[in-house]
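Build the full structure now, drawing on both the sequences and the hints.
Residue numbers (my numbering), protein chains in the order written: chain A, 1 to 659; chain B, 1001 to 1571.
Worth flagging that the hints you see were computed from the coordinates, not collected in a lab. Note that the structure is predicted; figures quoted are calculated from it, not measured. One thing to keep in mind: the hints can contain errors.
Label-pair distances were calculated between CB atoms; the ranges are [to be verified]:
| id | chain 1 | residue 1 | chain 2 | residue 2 | range |
| --- | --- | --- | --- | --- | --- |
| 1 | A | 613 | B | 1243 | 42 to 48 Å |
| 2 | B | 1110 | A | 84 | 44 to 50 Å |
| 3 | A | 613 | B | 1089 | 50 to 56 Å |
Here a beta-carbon is modelled for each residue, glycine too, at the ideal position from N, C-alpha and C.
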Amino acid sequence: MSDFGALLWLIPALPLLGAVLAALFGATRGLKDWAHAPVVLTAALSCACAIAVAARLAGSTDPVTFAKSSNPDDRLHWFSVDSGTARLAADFVLSADHLAGTMLLAVTFIGFWIVVFSVGYMKGSPGFARYFAIVSLFLASMTLLVLADNFLLLFAGWEGVGLCSYLLVGYWHHKPSASDAARKAFLVTRLGDVGLIVGMFLLWLMAGRESMDYDEIFSVAAQMLADHPVMFPAACLLVLCGAVGKSAQIPLYVWLPDAMEGPTPVSALIHAATMVTAGVYLLARCAPLFVVVPGVQLTVATIGAATALLAAFIALTQHDLKRVLAYSTVSQIGFMFLAVGCAGPAVPALAVTAAIFHLFTHAFFKAVLFLSSGSVMHAMHDVIDMREFGGLRKVLPVTHWTFLAGALALAGIPLFSGFWSKDMILEATLEAGHAARFGSAYLVLFGIALATALMTAFYTFRAYYRTFWGELRMPEGAHPNEPWVMTLPLIVLGVGAVFAGILAEPFTHWFSNFLTTSPHLVRVSSGQTMDHHLNWPLMLASSAAALIGVGIAHYLYKSRPGAAEKIAEAAPTPYYLSLNKLYVDEIYTLLFVQPLELLAGMCRLVEAVVYDLARLIAMVPYYAGRGFRWAQNGLVQFYALAMVLMVAGLLGYFVLFAK
Amino acid sequence: MLSPDQIRFVLPALLGLPVLAAIVLRFLGGSRAHRAAVAFAGTHLALTLLILLSGASAVQHDPAVSAKIDLAKKQAERVFAPQFVPGDPNPNGTGSYSTAWDLLTFHGPDANNPGGRVRLGAAQFFIGLDGLNIWLVALASFLMLPVVLFSADSVREREGPYYSWLFLLQAALLGVFLAFDILLFYVFFELTLVPLLFLIGGWGPGPNRREAARTLFLFTLAGGLITLLGVAGTVLFVHARTGELTFSIPRLADLVQAGMTRGSNGARDLWRDTQTYLFLALAVGFAVKIPLVPLHSWLPGAYAEAPTGVTVMLSSLLAKMGVFGLLRICLPICPDATLAVGMPLVGTLATIGIVYGALCAFAQTDLRRLVAYSSVSHLGFCVLAVVAFTPAGLAGGVLHMVNHGLSTGAMFLLVGILVRRYGTAQIADYSGMWTRLPAWTFFMMVACLASIGLPGLNNFVSEMLMLGGVYDVRSPYANGITYGVLAATGIFLSAWYTLTMVRRVLFGPVKEPPARTVVTDLTGRERTTVGPVIVLCLLLGVFAQPVLDVMYRDVARLAQVGDDARARAGN
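What follows is the structure, given as structure tokens:
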């Protein structure tokens, strides 16, 4: 498969080339305004390569690999130290199985359309070239992350994604809020990354200090658990830390809502195609490790469900359109975590497929929602507060329809893509609920998920009605326009949001058939396969939840304007808790940030004390010398007297006391 | 390309050229001094590159040495194999890993001939290249050029003497890295102090420079004297036990290996106990130089008060002497002690240093001091990896010495460039430099990202290797996981203080202190000063393997010494 292997390395290499070219264009006077050209081109080519690789994968069960030689010495090393006792190597080995192939399709396809949209959105913005260079690097990092065949290379992509989000969130670097958000995004995810690093090395240690390759580590998962009953679950939890940080889950979700300080297409990129999905991918990839420890899996599922609920609760009252969407992402990723966490109690193939399927459909509808809100923001002169505008469906017709498509999918309205994938997650959770171990816990999580689905529908349509219905209101300076470079991606992604779900899965089973041929998932599922059936009661329940949510939103924000305020007044405590994001930022500042800063201040104090102490010690000889200076006075008579006195004293001592 | 014998011939020139430069530059002044200094630094770099390119493959695979490691027996028979030793008694390139150039010969009574005297041994001019020092020599040669270029803009008085001392400092540094004779090593090690004292005391920009210079001098001298005790103790103990008086580090290491494997249990216990004392004595001087917390009080003052060029030398190279001393002397000569006390004591101090240095760095209000404390944190990591005594740890440690030298050097240069424009290093005085100085910001950003260990830039590679080495410690005396977890928190903390500084200085609305002249972005000369360092940061981040390959054989043999010691310790 060497020819496809070559395509494989092109997938991250092309966007990297695009990034370099964009940077060079940006530095050249005449080409400055053309910096987007290489990026659009390479993103398209990269997407084409991904499609070719996926087509090849569809025909067989073998993964496509690049530079993967069975003899580790023949590989292309990034760095490697190999001795008789330990081998620590990071090799440039890429491998795409069906899981990676699915991810690649989502990342490159959605990424490409976001890049196209950006061409219109970022036009005339200072740092145009910088924007495209970093976006291209973002795609390169994300595809590298997906294609990596060992933990260290994955980590390279992982951190690259973190860097790009840092630079893009802080794109308007002169704005203090953007600068703070960028720093926060990097640091919070880095906190999780440290967990991932430690987890990686623990796995390496337990797997015999031999290899960081997935295959080598995953194949001994059961053995590791038997040998290290405490350390192995700990390592899994540490890997989970990394996923939690990147995917913005409790307790590290706080960076994502702030991250919308960047340009809106960046939010689309972070929320839909790259970055936050990385954590879900990591968990799906590491499923062979997680399935052997049910306690850890329950933790994953609980974190997912709790995050889904909490973020949905906060999203209920936010005024900022992008903030609503940001919390909805946190919430939807929570659903994916819930699904991955069901692998083990439920058939792993089903659980992982559900998570990745939701990731896939979510990528479409979240991208279209963010890009539509970007279109709104572009037209409303960078205002995004829903209190400032309304009734935009007349002036932004295309945006209205695409937003609606995304909203219907996100709300889980039957037949739209989000409905099918969410349904699969609920099904997986319900199946896990029948398991002997922790079954009842999973049933509780199922209940939470269903409640969250209702809330999702409500806040999505609350945002929709407030933005596009009611009487036309616009802030000053608004200039509603929809250039074709922006509407075309909207339409493509909107169509995807509507049809991606129904075409790919419920009747054709293309998606699950493709994904579950992956040797990775086959091995994890150890012989079990997922059965395809439509669970009608479940579908009815989730449809009901979605429709009730939409109905409430319709009632409060369309038929009875003003009713919402009354409810807020009637129940101020939950309202303000939600509006102020449960005060989590403030609590974290108080509990973690300030103590750490205090500790640093104390260290500085200690430094001063130690320094002065050292000076004090240095003064001892000086003062000792001064103390005895009077004895060295140069008078011979004095020396003679002192000598006689001393001799007399000594003699006296020997005569009187010595025995 | 040079043949091995030709390299043998020109190797002393690596030391001789800076000494010559020091003498010549003493008598020059003004712009002629600048130009001559650049020429000397450039020539030295060219010479080093020539030696490096011709010699690297010999260092990487010396057939004579590879044959001597018997991996099946798991016993290192020869700890060090210096290549290209000038004065090698074996002609035509076979190499005996020793030299015949005596500096200080010791004689004793001749047993066969009463009244006669016989040569017992000698401190020798024993220099050579091996995997451990080759990249440090390259770094010491490479960084001289940016330092000299930077100084051309900032040193405005007594230029000749300034450069003269600077080149003397470089000569002493190279001497430390090249020496294979323990006394020669020590002499060079202490010799660095003299130029440093004059450079900081004479050309420092601040009012406290004399105080800083004195503190530095007293601290390092005090530590150095204890190390001298250790050096003498090592030579005398080996002499007393084996009857061989040698100052050659390879020979001493081999004799210790032999002493630990042969003889009665009692004799071996004596070797082991003595190792502990020797290790402690030797390590003190190195610990001050690195510096290891709590012996670091001299550092912030010296780094902040020295002229920028000298700060770069201090942080990038002089600090590495201490780590290198551990690597070259403590580990091979006291392997069992390194396991028994090295990791529990030095490793613990290093780990404390990682966290403590990072916390202190966060609390600093002065840019130079922030970078200085970040150095404490990074070098703690380096020391921890070295005393872990594992292949990955040693390889990562050596690589990190180079990587940290590059990234910290770049940071100090960039801070120096900023201070040259505005005359202050207070973080609070700056904001929004991205808008004001975009090119400077670009370089600073890369340096900061390298320093926090971002993949694709150099420090990541060495940090991962070091971390792996620490987890892999396999010692009955220390639990690698605890150290590894604490070291990993250092990775987060470094991002925390660095990005907080970046947030304050680079991001935000423009705020700048009053400048003396019109402030422009980087000049052409400044770009050539910092640019190559930054490019190397990127190159070493991506193409790390060739660098590792060259050093690997010697690292593996040193690690084998550690494994032998582990086997003896019963683990």
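Right, here's what the structure says about each hint:
{"no.": "1", "hint": "613/A / 1243/B: 42 to 48 Å", "verdict": "holds (46 Å)"}
{"no.": "2", "hint": "1110/B / 84/A: 44 to 50 Å", "verdict": "holds (46 Å)"}
{"no.": "3", "hint": "613/A / 1089/B: 50 to 56 Å", "verdict": "holds (52 Å)"}
Consistency note: the structure conflicts with none of the earlier hints.
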